[in-house]
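Trainee: The chain contents come next:
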Amino acid sequence: MAKTNAGRFFEDYAVGRRIDHAVPRSVSGGERALYHALYPARHAVYSSDQFAQSCGLAASPIDDLAAFHVVFGKTVPDVSLNAVANLGYAEGRWLRPVWPGDTLRASSEVIGVKQNSNGKTGVVWVRTRGMNQRDETVLEYVRWVMVRKGDIAAPAPATVVPELRPVVAPQDLVIPEGLDFTGYDFSLAGEPHRWGDYEVGETIDHVDGVTIEEAEHMMATRLWQNTAKVHFDATFRPDGQRLIYGGHVISMARALSFNGLANAQMIVGLNAGAHANPCFAGDTIRAWSEVVDKAELAAPGVGALRLRLVATRGGAPFALRAADGAYLPEVLLDLDYWVLCPL
Amino acid sequence: MAKTNAGRFFEDYAVGRRIDHAVPRSVSGGERALYHALYPARHAVYSSDQFAQSCGLAASPIDDLAAFHVVFGKTVPDVSLNAVANLGYAEGRWLRPVWPGDTLRASSEVIGVKQNSNGKTGVVWVRTRGMNQRDETVLEYVRWVMVRKGDIAAPAPATVVPELRPVVAPQDLVIPEGLDFTGYDFSLAGEPHRWGDYEVGETIDHVDGVTIEEAEHMMATRLWQNTAKVHFDATFRPDGQRLIYGGHVISMARALSFNGLANAQMIVGLNAGAHANPCFAGDTIRAWSEVVDKAELAAPGVGALRLRLVATRGGAPFALRAADGAYLPEVLLDLDYWVLCPL
Amino acid sequence: MAKTNAGRFFEDYAVGRRIDHAVPRSVSGGERALYHALYPARHAVYSSDQFAQSCGLAASPIDDLAAFHVVFGKTVPDVSLNAVANLGYAEGRWLRPVWPGDTLRASSEVIGVKQNSNGKTGVVWVRTRGMNQRDETVLEYVRWVMVRKGDIAAPAPATVVPELRPVVAPQDLVIPEGLDFTGYDFSLAGEPHRWGDYEVGETIDHVDGVTIEEAEHMMATRLWQNTAKVHFDATFRPDGQRLIYGGHVISMARALSFNGLANAQMIVGLNAGAHANPCFAGDTIRAWSEVVDKAELAAPGVGALRLRLVATRGGAPFALRAADGAYLPEVLLDLDYWVLCPL
Chain A
1187 MAKTNAGRFF
1197 EDYAVGRRID
1207 HAVPRSVSGG
1217 ERALYHALYP
1227 ARHAVYSSDQ
1237 FAQSCGLAAS
1247 PIDDLAAFHV
1257 VFGKTVPDVS
1267 LNAVANLGYA
1277 EGRWLRPVWP
1287 GDTLRASSEV
1297 IGVKQNSNGK
1307 TGVVWVRTRG
1317 MNQRDETVLE
1327 YVRWVMVRKG
1337 DIAAPAPATV
1347 VPELRPVVAP
1357 QDLVIPEGLD
1367 FTGYDFSLAG
1377 EPHRWGDYEV
1387 GETIDHVDGV
1397 TIEEAEHMMA
1407 TRLWQNTAKV
1417 HFDATFRPDG
1427 QRLIYGGHVI
1437 SMARALSFNG
1447 LANAQMIVGL
1457 NAGAHANPCF
1467 AGDTIRAWSE
1477 VVDKAELAAP
1487 GVGALRLRLV
1497 ATRGGAPFAL
1507 RAADGAYLPE
1517 VLLDLDYWVL
1527 CPL
Chain B
1187 MAKTNAGRFF
1197 EDYAVGRRID
1207 HAVPRSVSGG
1217 ERALYHALYP
1227 ARHAVYSSDQ
1237 FAQSCGLAAS
1247 PIDDLAAFHV
1257 VFGKTVPDVS
1267 LNAVANLGYA
1277 EGRWLRPVWP
1287 GDTLRASSEV
1297 IGVKQNSNGK
1307 TGVVWVRTRG
1317 MNQRDETVLE
1327 YVRWVMVRKG
1337 DIAAPAPATV
1347 VPELRPVVAP
1357 QDLVIPEGLD
1367 FTGYDFSLAG
1377 EPHRWGDYEV
1387 GETIDHVDGV
1397 TIEEAEHMMA
1407 TRLWQNTAKV
1417 HFDATFRPDG
1427 QRLIYGGHVI
1437 SMARALSFNG
1447 LANAQMIVGL
1457 NAGAHANPCF
1467 AGDTIRAWSE
1477 VVDKAELAAP
1487 GVGALRLRLV
1497 ATRGGAPFAL
1507 RAADGAYLPE
1517 VLLDLDYWVL
1527 CPL
Chain C
1187 MAKTNAGRFF
1197 EDYAVGRRID
1207 HAVPRSVSGG
1217 ERALYHALYP
1227 ARHAVYSSDQ
1237 FAQSCGLAAS
1247 PIDDLAAFHV
1257 VFGKTVPDVS
1267 LNAVANLGYA
1277 EGRWLRPVWP
1287 GDTLRASSEV
1297 IGVKQNSNGK
1307 TGVVWVRTRG
1317 MNQRDETVLE
1327 YVRWVMVRKG
1337 DIAAPAPATV
1347 VPELRPVVAP
1357 QDLVIPEGLD
1367 FTGYDFSLAG
1377 EPHRWGDYEV
1387 GETIDHVDGV
1397 TIEEAEHMMA
1407 TRLWQNTAKV
1417 HFDATFRPDG
1427 QRLIYGGHVI
1437 SMARALSFNG
1447 LANAQMIVGL
1457 NAGAHANPCF
1467 AGDTIRAWSE
1477 VVDKAELAAP
1487 GVGALRLRLV
1497 ATRGGAPFAL
1507 RAADGAYLPE
1517 VLLDLDYWVL
1527 CPL
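Residue numbers (this note's numbering), protein chains in the order written: chain A, 1187 to 1529; chain B, 1187 to 1529; chain C, 1187 to 1529.
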């Protein structure tokens, strides 16, 4: 029997099964420094212990997307090693900050399966939870992927398609304990725009661009212990290109969005997300945002913005779909998330 | 009104105005590790806690140039986003070591403005201070940049050109509290040469070369949260090249100077500096130094060397200027600084 | 006299001489994060403090190969600056874990010299020890290198060829204090295979591949303060290629070997090693292993596996040598080491 991990195939997933993912990971100031070296991240809560403390937190947490990537990376050997496509995200919530010194592990439950009509692939839905060393859940999300069948002759399972909410309701967002934006220093944070300054429907071109290098996306992806071959092995695809981890594009776009959304400090909800087109080294990533919704919250001085974040490799800002409804070829990412912002 | 930062234009600077720069930054062992991964840095005080303690310090500080880059990076969105050229440095002093766990922020005062005769640009002088979380100034320097006018029709301001000292006087250099080189271990530090072994006028070819990669200079520049587009976006310049942050060349040359100046441990003064020519990925950086001056200091076992550090991308060592006085095309950097060295 | 280090030449080594290598180095969570960004390292003891604690350790140590690289890097300016080739390793033992916060230094003793018949080069054997800040030896190994003579006319020294054991005996392996694998969590570690599941003679194709980038191998090599010109300066070799530090290949292959050897947790012995062919950026590194021997040990739940680890840049797995006994051109590394594995 081969000792290497061949990954799971579509027929290996059964609704209700729990998968405890391997290799817990401790994080430190090293991960934080690398995050800042890999992305132009500048949100002040994640940059300065003192700024975070002025907002009621114990210290500056690990970037919320870094925490997401660590958890996501754990799931790859069990969920997406044989995935054909990463189809979507839903019901994502950040429940607790992750601090330097914490150790993260992850567990997923299969919540849906649906064989495709071609009989060769199927869609698998999993709900993933990331836990810290105190067994507290730090984040959770649903994602669904298209996975190859290992044995074409395996019978199709009963179709179960989970009912997923199209958006996390504001009252379900979890605000980090102690968070208080009433003494928020807009000058130190980098921009004067408050929650009240953003209007539903408003769009923001984040202006800056970053040209992507192979060494950078591979270092980022490895840092999260994501081992999908397609990101690292130039001989894996017929075209000799390494596909860039979709999370690298998410982090790059989010960091670029500082320019115009410097006070959109903490991500607390992930409503939906599509990796619209593949990204390769040499692409220059740009980003624009749209304010989709706003919500008042119970924490002092804290409001929520629901944002669409779109990453592109060129093209005009705010262009998203062609006449036929398909994403434009230059659109890389279409992400729908909730973020906490000072009132 | 656009929410993104368009940067300041020449007419936006008024002498006497103070700019508090955004996004304070906490540093840790992560930044130190990355500094050593990005530059061949080997000065023992910045490499070993025990070595630093044997020199009277509490621990190994963050590299003095890393501290400089963090402070410099903070100023970019306010000072050089619309800069045409970084013209010079003066009156730079390192006042206190920066330790892992410290948080740095920066503030600048406009001390001079002079519109150019073309009416399209002007020179702005700022004095920048970097502060830690205890509001102690850790370093200060003057730099001047050429900045575009946003509105060509804006009236020229009254010209104010600050009087800057051509060199920081030895008695104005600040020695880190407790520094004592009387028990200095030359063997552990890597070279036997003491302060007394260096003669004014002596030149040293540092021999080694490093070929620069895009991924490295971008990671370095992002680590300092320097967001100038020209370093990251290959579509920004007509030639498709990303201009390398001048500070990357400074750190590379300083690290290369270990070979011959291993005991030139701590930078305490920046007298002048010119980025003579642009640097691009693919260039192989080399360095040479000239001992410009020497000074005795009050701290036990500690002397100061004033050094010229020249970075090149080839050419003969010690060649600096053409017959007409212009820097040779292969010269990248001409830096004049004070460093502490064991007697 | 030139102040730069010209390195030692063959005639500068005398049997019995001790060389204390320069520039001690403190390590932190930063080095650990970078190790995980540079290599697809996933062995759980080095990834999670809690997992390491469940195995009886105080915390997650710095990767054993990272400790090796730091010590090795210290020796380069004294041992291999003028080396023509790195010929072999023997009698390597890891004696104590290295923890974040430790400071490493290194010392070598010359234990053999043999001038080559061409009169231009010779072989030098050194036994190197790495020590922490408590003067405890953390690892030791013998390596031998071919070094140029500086003065061809220098007389040949008396030949001394040290007797080296072809393999570290199991009873000489040092098990980290407190190590106990009786409560080992195979699920968290990533694979179910125990010591008893591996058979002598068994071979494992680790399947995954990583294409190497210049920026990555240079960052890795600099992180260990290894300054050999040939790794960094594209103008150094006539072909314009930068030779990749052999240790980069070792770490890459070891990390790839997780897939099939996830429970081969801690390296404790280095029996032999050959860098069979040079590696350059663009190569895609793959790895395979052979179980060479097994040994029972005194610590609870702990066994030892002796493994051959072969790194290639293509070719068929398990192919090693041509008919004439020479390494195949695609073989990069042939390493023979002992590793601790749960029973």
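Just so you know, these hints were derived from the structure itself, not from any lab. Quick caveat: nothing in here was measured; it's all calculated off a predicted structure. Among the hints, erroneous ones may be present.
The list treats identical chains as one, so a pair stands whether inside a single copy or across any two.
[Stated by the list, open to error] Below 16 Å or equal to it, Euclidean Cα-Cα: the simulated EDC-like pairs (lysine to aspartate or glutamate) are:
| id | residue 1 | residue 2 |
| --- | --- | --- |
| 1 | LYS1335 | GLU1388 |
| 2 | LYS1300 | GLU1363 |
| 3 | LYS1480 | ASP1358 |
| 4 | LYS1189 | GLU1388 |
| 5 | LYS1189 | GLU1476 |
| 6 | LYS1335 | GLU1385 |
| 7 | LYS1335 | ASP1419 |
| 8 | LYS1306 | ASP1371 |
| 9 | LYS1189 | GLU1385 |
| 10 | LYS1335 | ASP1358 |
| 11 | LYS1480 | GLU1399 |
| 12 | LYS1300 | ASP1425 |
| 13 | LYS1189 | GLU1277 |
| 14 | LYS1189 | ASP1358 |
| 15 | LYS1415 | ASP1510 |
| 16 | LYS1306 | GLU1295 |
| 17 | LYS1306 | ASP1358 |
| 18 | LYS1189 | ASP1510 |
| 19 | LYS1189 | GLU1349 |
| 20 | LYS1480 | ASP1383 |
| 21 | LYS1415 | GLU1385 |
| 22 | LYS1189 | ASP1383 |
| 23 | LYS1306 | ASP1383 |
| 24 | LYS1306 | GLU1399 |
| 25 | LYS1300 | GLU1399 |
| 26 | LYS1300 | GLU1349 |
| 27 | LYS1300 | GLU1516 |
| 28 | LYS1415 | ASP1391 |
| 29 | LYS1480 | GLU1377 |
Trainee: Hints first: check each against the structure and report whether it holds.
Mentor: Against the structure, the hints:
In this assembly of identical chains, the alpha carbons of LYS1335 and GLU1388 never lie at most 16 Å apart, being 44 Å within a copy and 29 Å across copies at closest. Taking the shortest alpha-carbon separations for LYS1300 and GLU1363, neither the intra-copy value of 39 Å nor the inter-copy value of 51 Å comes in at or below 16 Å. For the identical chains of this complex, LYS1480 and ASP1358 are intra-copy neighbours only, at 14 Å inside a copy versus 55 Å across copies, given an alpha-carbon limit of 16 Å. When the C-alpha separation of LYS1189 and GLU1388 is checked against a cutoff of 16 Å, the pair qualifies only between copies, where the shortest distance is 11 Å, while the shortest distance within a copy is 54 Å.
For a Cα distance limit of 16 Å, the shortest separation of LYS1189 from GLU1476 across copies, 12 Å, qualifies, whereas the shortest one inside one copy, 48 Å, does not. Taking the shortest Cα distances, LYS1335 and GLU1385 never come within 16 Å of each other, neither inside one copy (46 Å) nor across copies (31 Å). In this assembly of identical chains, LYS1335 and ASP1419 lie within 16 Å of each other by CA distance neither inside one copy nor across copies; the values are 23 Å within and 41 Å between. In this assembly of identical chains, LYS1306 and ASP1371 lie within 16 Å of each other by CA distance neither inside one copy nor across copies; the values are 55 Å within and 35 Å between.
For the identical chains of this complex, LYS1189 and GLU1385 are inter-copy neighbours only, at 12 Å across copies versus 55 Å inside a copy, given an alpha-carbon limit of 16 Å. Taking the closest pair of Cα atoms, LYS1335 and ASP1358 never come within 16 Å of each other, the shortest separation being 36 Å inside a single copy and 49 Å across copies. For a Cα distance limit of 16 Å, the shortest separation of LYS1480 from GLU1399 qualifies neither inside one copy, at 36 Å, nor across copies, at 43 Å. Taking the shortest Cα distances, LYS1300 and ASP1425 never come within 16 Å of each other, neither inside one copy (30 Å) nor across copies (50 Å).
When the C-alpha separation of LYS1189 and GLU1277 is checked against a cutoff of 16 Å, the pair qualifies neither within a copy, at 35 Å, nor between copies, at 29 Å. Neither within a single protomer nor between protomers do LYS1189 and ASP1358 lie at most 16 Å apart by alpha-carbon distance, with minima of 43 Å and 29 Å respectively. Taking CA atoms no more than 16 Å apart as the test, LYS1415 paired with ASP1510 passes in neither setting, with 33 Å inside one copy and 35 Å between copies. When the C-alpha separation of LYS1306 and GLU1295 is checked against a cutoff of 16 Å, the pair qualifies neither within a copy, at 23 Å, nor between copies, at 63 Å.
In this homomeric assembly, LYS1306 and ASP1358 never come within 16 Å of each other (Cα to Cα): the closest approach is 38 Å inside a single copy and 54 Å across copies. In this homomeric assembly, LYS1189 and ASP1510 never come within 16 Å of each other (Cα to Cα): the closest approach is 47 Å inside a single copy and 32 Å across copies. With identical chains, the CA atoms of LYS1189 and GLU1349 are never at most 16 Å apart, being 37 Å at best within one copy and 37 Å at best between copies. In this homomeric assembly, LYS1480 and ASP1383 come within 16 Å of each other (Cα to Cα) only inside a single copy, at 11 Å, whereas the closest approach across copies is 57 Å.
In this assembly of identical chains, the alpha carbons of LYS1415 and GLU1385 never lie at most 16 Å apart, being 42 Å within a copy and 28 Å across copies at closest. For a Cα distance limit of 16 Å, the shortest separation of LYS1189 from ASP1383 across copies, 10 Å, qualifies, whereas the shortest one inside one copy, 57 Å, does not. Neither within a single protomer nor between protomers do LYS1306 and ASP1383 lie at most 16 Å apart by alpha-carbon distance, with minima of 50 Å and 34 Å respectively. Taking the closest pair of Cα atoms, LYS1306 and GLU1399 never come within 16 Å of each other, the shortest separation being 34 Å inside a single copy and 36 Å across copies.
Proximity of LYS1300 and GLU1399 under a CA criterion of 16 Å is satisfied in neither setting, with 37 Å inside one chain copy and 40 Å between copies. Proximity of LYS1300 and GLU1349 under a CA criterion of 16 Å is satisfied intra-copy only: 13 Å inside one chain copy versus 65 Å between copies. For the identical chains of this complex, LYS1300 and GLU1516 are neighbours neither inside a copy (30 Å) nor across copies (44 Å), given an alpha-carbon limit of 16 Å. In the homo-oligomer, the alpha carbons of LYS1415 and ASP1391 lie at most 16 Å apart only across protomers (15 Å), although the nearest pairing inside one protomer, at 34 Å, exceeds that limit.
For a Cα distance limit of 16 Å, the shortest separation of LYS1480 from GLU1377 qualifies neither inside one copy, at 19 Å, nor across copies, at 46 Å.
Checked against the numbered hints above, the structure breaks hints 1, 2, 6, 7, 8, 10, 11, 12, 13, 14, 15, 16, 17, 18, 19, 21, 23, 24, 25, 27 and 29 and satisfies the rest.
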